[in-house]
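Colleague: The UniProt record's numbering applies: residue 1 is where the sequence shown begins, and numbers increase by one.
Because the hints were derived from the structure by calculation, they are not lab data.
Incorrect hints may have been included.
Said to hold, decoys possible - Under the rule of at most 20 Å between Cα atoms (straight-line distance), these lysine to any residue pairs were calculated in the SDA-like manner:
1. Lys212 / Val266
2. Lys92 / Gln165
3. Lys333 / Pro196
4. Lys348 / Asn324
5. Lys552 / Gln165
6. Lys212 / Glu197
7. Lys568 / Gln165
8. Lys589 / Met449
9. Lys552 / Pro314
10. Lys55 / Lys92
11. Lys454 / Lys267
12. Lys55 / Asp22
13. Lys302 / Ala503
14. Lys271 / Leu227
15. Lys371 / Ile419
16. Lys212 / Arg233
17. Lys353 / Gly385
18. Lys589 / Phe488
19. Lys500 / Phe488
20. Lys371 / Leu343
21. Lys306 / Ser282
22. Lys258 / Lys212
23. Lys500 / Asp471
24. Lys353 / Asn294
25. Lys63 / Asp22
26. Lys348 / Asn294
27. Lys395 / Val405
28. Lys213 / Glu197
29. Lys271 / Phe195
30. Lys48 / Lys410
31. Lys104 / Lys500
32. Lys306 / Arg287
33. Lys258 / Arg233
34. Lys333 / Arg363
35. Lys306 / Val266
36. Lys302 / Lys348
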Amino acid sequence: MTSLVGIHNLSKAHGSQILFEDISFHIMQGERIGLVGPNGAGKSTLLKILAGIEKEDQGTVTKRQGLRIAYAGQFPVFEEEPVLEMLLREVKNSPREEMEIRAKVLLGKALFEDFNASAATLSGGWKKRLDIVRALMTEPDLLFLDEPTNHLDLEGILWLERFLQRERLTYVVVSHDRYFLKNVTNRIFELNRCFPEGIFSAHGNLDDFLEKKETFLDGQIQLERGLASQVRRELEWLRRSPKARTTKSQSRVQNAHKLMEELAEVKNRNKKPRVDVDFTASERETRKLISAKNLTKSYGDKILFKGVDIQLSPGTRLGILGRNGTGKTTLLKILAGQTTPDLGTLKKADNLKIVYFDQLRERIPPEITLKEALAPHRDTVIYHGQEIHVNGWAKKFLFPPERLVLPVGKLSGGERARILIARLMLEPADILFLDEPTNDLDIQTLEIMEENLKEFEGAVVMITHDRCMMDRICSEVLGLWEDGTHSFLAGFSQWEAEEKKRAVKDKPQAPKPAPSGPPKKKKLSYQEQKELDGMEAKILHLEQEIELLNQKATAQQDPKESLELFNKMGSLHHELEALFKRWQELEDKLN
Numbered sequence: 001m002t003s004l005v006g007i008h009n010l011s012k013a014h015g016s017q018i019l020f021e022d023i024s025f026h027i028m029q030g031e032r033i034g035l036v037g038p039n040g041a042g043k044s045t046l047l048k049i050l051a052g053i054e055k056e057d058q059g060t061v062t063k064r065q066g067l068r069i070a071y072a073g074q075f076p077v078f079e080e081e082p083v084l085e086m087l088l089r090e091v092k093n094s095p096r097e098e099m100e101i102r103a104k105v106l107l108g109k110a111l112f113e114d115f116n117a118s119a120a121t122l123s124g125g126w127k128k129r130l131d132i133v134r135a136l137m138t139e140p141d142l143l144f145l146d147e148p149t150n151h152l153d154l155e156g157i158l159w160l161e162r163f164l165q166r167e168r169l170t171y172v173v174v175s176h177d178r179y180f181l182k183n184v185t186n187r188i189f190e191l192n193r194c195f196p197e198g199i200f201s202a203h204g205n206l207d208d209f210l211e212k213k214e215t216f217l218d219g220q221i222q223l224e225r226g227l228a229s230q231v232r233r234e235l236e237w238l239r240r241s242p243k244a245r246t247t248k249s250q251s252r253v254q255n256a257h258k259l260m261e262e263l264a265e266v267k268n269r270n271k272k273p274r275v276d277v278d279f280t281a282s283e284r285e286t287r288k289l290i291s292a293k294n295l296t297k298s299y300g301d302k303i304l305f306k307g308v309d310i311q312l313s314p315g316t317r318l319g320i321l322g323r324n325g326t327g328k329t330t331l332l333k334i335l336a337g338q339t340t341p342d343l344g345t346l347k348k349a350d351n352l353k354i355v356y357f358d359q360l361r362e363r364i365p366p367e368i369t370l371k372e373a374l375a376p377h378r379d380t381v382i383y384h385g386q387e388i389h390v391n392g393w394a395k396k397f398l399f400p401p402e403r404l405v406l407p408v409g410k411l412s413g414g415e416r417a418r419i420l421i422a423r424l425m426l427e428p429a430d431i432l433f434l435d436e437p438t439n440d441l442d443i444q445t446l447e448i449m450e451e452n453l454k455e456f457e458g459a460v461v462m463i464t465h466d467r468c469m470m471d472r473i474c475s476e477v478l479g480l481w482e483d484g485t486h487s488f489l490a491g492f493s494q495w496e497a498e499e500k501k502r503a504v505k506d507k508p509q510a511p512k513p514a515p516s517g518p519p520k521k522k523k524l525s526y527q528e529q530k531e532l533d534g535m536e537a538k539i540l541h542l543e544q545e546i547e548l549l550n551q552k553a554t555a556q557q558d559p560k561e562s563l564e565l566f567n568k569m570g571s572l573h574h575e576l577e578a579l580f581k582r583w584q585e586l587e588d589k590l591n
């Protein structure tokens, strides 16, 4: 494989805080790299350095001659102009006709329908899509994506996964979405000072990486034990021996000191600081916390949901899933008492303690200090009935005392997310209502948060695009559908299967003649069984054809020829969808 970028002894600090030091690695053509690491490790900063947006303090970044790089950041901002014109402005020195074809092809892949829609007024999720399209307009050899799934809805994340899987791209993506990383990467880097080189990498997806990382860290613990044993022997020798005078003895003393320094360094690496997440439950013993019957809500002529019955008790773990506009947040707010249903009743236990977390709503003023954000108006907080000094409280969330004077605006997105969790933990609750609680949190914090949500004695109701958290926490999922109906399901995969089935059924079909005579048991005819038996081979053949066309289109220099190839790909995709639908119809006949 060809090396696109070489990183040699790279170091970067923000003020007195060292982000990373003397890290080295290569990015090879064809690699799909996931970049992970704890909040504040410098992942976004590293991405900006590689993209040429920020400057390193020390070290060098060497790039292949003529390398085209593109970058899509966390918070894209666009001016008031049509999306097509915005894309053409990005490549204004290129032939307009060619670039217009390319822009329309990319917008089509991103599922844009109105090319004249204003870029400035798009929702956050569609701005993310547009920013990725903008980055691809220059046909980059290497693409950098910083938290592309943050603030995307579930539909947007699934689109992005499919998009990255189909495109022939080399990229580095910073993300904490574990299922996303598992599905779109073939190599993982972790930026973390627990590794001797400051960075650790492994080929394969996230599961492969975690297995290799665990093996490495276990080996590092064994190294610490071995060094500790050697140091004990050398210290014993130093205590017993008279002051060394011979060259041999002096050499042994020097080696003993080197061993002690090495042991101290390995010990420091093996320390595992972790956020101390522990949600405060009330002492309530009531079995029924909330009983909701026949909840119905509409906006204008559109019914969001109707006839929803929910009972929340201690230990309930309920997830809410649905496309945008199906009323997920509205239902959460009705259950929390923040808005009222059109129909239905809601009975709550006496003196019910509710905590409602909405990361988009809980904005922390960027000008206040970290200390003021953690402990407003005083130097202590009350947690589990005990008074804790703000310094100790900050340490529970991995904030060293010297950072307490920093303005919130200077902190990373993950660090700001930890402040919100700290605030959440101070409120005793019978029920936690969580609306997208995972944005910006690193994988380690997500796993700790999951552990504590499992142990929380009250009820938890959550909306999240983090499929991994949904699967690990929720014992039941409420699916809200676009026609106003709802279903209680076992988990995300069952919701996704139902969503696909409904998408097929919702498309208009030719009316079928009314059946005559008594209903017969459904079974496949000889021709239908033969059709079903050959379906898998047909699907595989079509997928191979699409992949071949994609390769040709990517290599094609003539934009008109390229557009023709993309149009053929579009036709084959429709044919593939029709095959999947037919397969589902035949499978349904057998059930």
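Colleague: Look at each hint and say if it fits the structure.
Modeller: Okay, the hints, checked on the actual structure:
1. Lys212 / Val266: Between Lys212 and Val266 the Cα gap is close to 19 Å, so the pair holds against 20 Å.
2. Lys92 / Gln165: violated, 29 Å
3. Lys333 / Pro196: Violated: Lys333 and Pro196 sit about 48 Å apart, past 20 Å.
4. Lys348 / Asn324: At roughly 28 Å apart (the allowed maximum being 20 Å), Asn324 and Lys348 break the hint.
5. Lys552 / Gln165: holds, 17 Å
6. Lys212 / Glu197: Answer holds: Lys212 to Glu197 is near 16 Å, not above 20 Å.
7. Lys568 / Gln165: holds, 19 Å
8. Lys589 / Met449: It is violated: about 44 Å lies between the C-alpha atoms, which goes past 20 Å.
9. Lys552 / Pro314: violated, 58 Å
10. Lys55 / Lys92: violated, 27 Å
11. Lys454 / Lys267: The given pair, whose Cα atoms are some 31 Å apart, is violated under the 20 Å limit.
12. Lys55 / Asp22: holds, 15 Å
13. Lys302 / Ala503: Satisfied, since the Cα-Cα distance of roughly 19 Å is no more than 20 Å.
14. Lys271 / Leu227: Given pair Lys271, Leu227 holds - Cα atoms ~16 Å apart, limit 20 Å.
15. Lys371 / Ile419: holds, 10 Å
16. Lys212 / Arg233: It is violated: about 32 Å lies between the C-alpha atoms, which goes past 20 Å.
17. Lys353 / Gly385: holds, 16 Å
18. Lys589 / Phe488: violated, 24 Å
19. Lys500 / Phe488: Given that 20 Å is the threshold and the Cα spacing comes to 16 Å, the pair holds.
20. Lys371 / Leu343: violated, 45 Å
21. Lys306 / Ser282: violated, 32 Å
22. Lys258 / Lys212: Violated. Lys258 to Lys212 sits at ~29 Å, over the 20 Å cutoff.
23. Lys500 / Asp471: Holds. Lys500 to Asp471 sits at ~19 Å (cutoff 20 Å).
24. Lys353 / Asn294: violated, 23 Å
25. Lys63 / Asp22: holds, 18 Å
26. Lys348 / Asn294: The hint holds at about 15 Å.
27. Lys395 / Val405: holds, 14 Å
28. Lys213 / Glu197: This hinted pair holds, its Cα atoms lying about 14 Å apart.
29. Lys271 / Phe195: With a Cα-Cα distance of about 11 Å, the restraint between Lys271 and Phe195 holds, given a limit of 20 Å.
30. Lys48 / Lys410: holds, 16 Å
31. Lys104 / Lys500: This hinted pair is violated, its Cα atoms lying about 27 Å apart.
32. Lys306 / Arg287: violated, 26 Å
33. Lys258 / Arg233: holds, 14 Å
34. Lys333 / Arg363: Since the Cα atoms of Lys333 and Arg363 sit roughly 18 Å apart, the hinted pair holds (cutoff 20 Å).
35. Lys306 / Val266: violated, 59 Å
36. Lys302 / Lys348: Violated, at about 28 Å.
In terms of the numbered hints stated before, the structure departs from hints 2, 3, 4, 8, 9, 10, 11, 16, 18, 20, 21, 22, 24, 31, 32, 35, 36, listed from lowest to highest.
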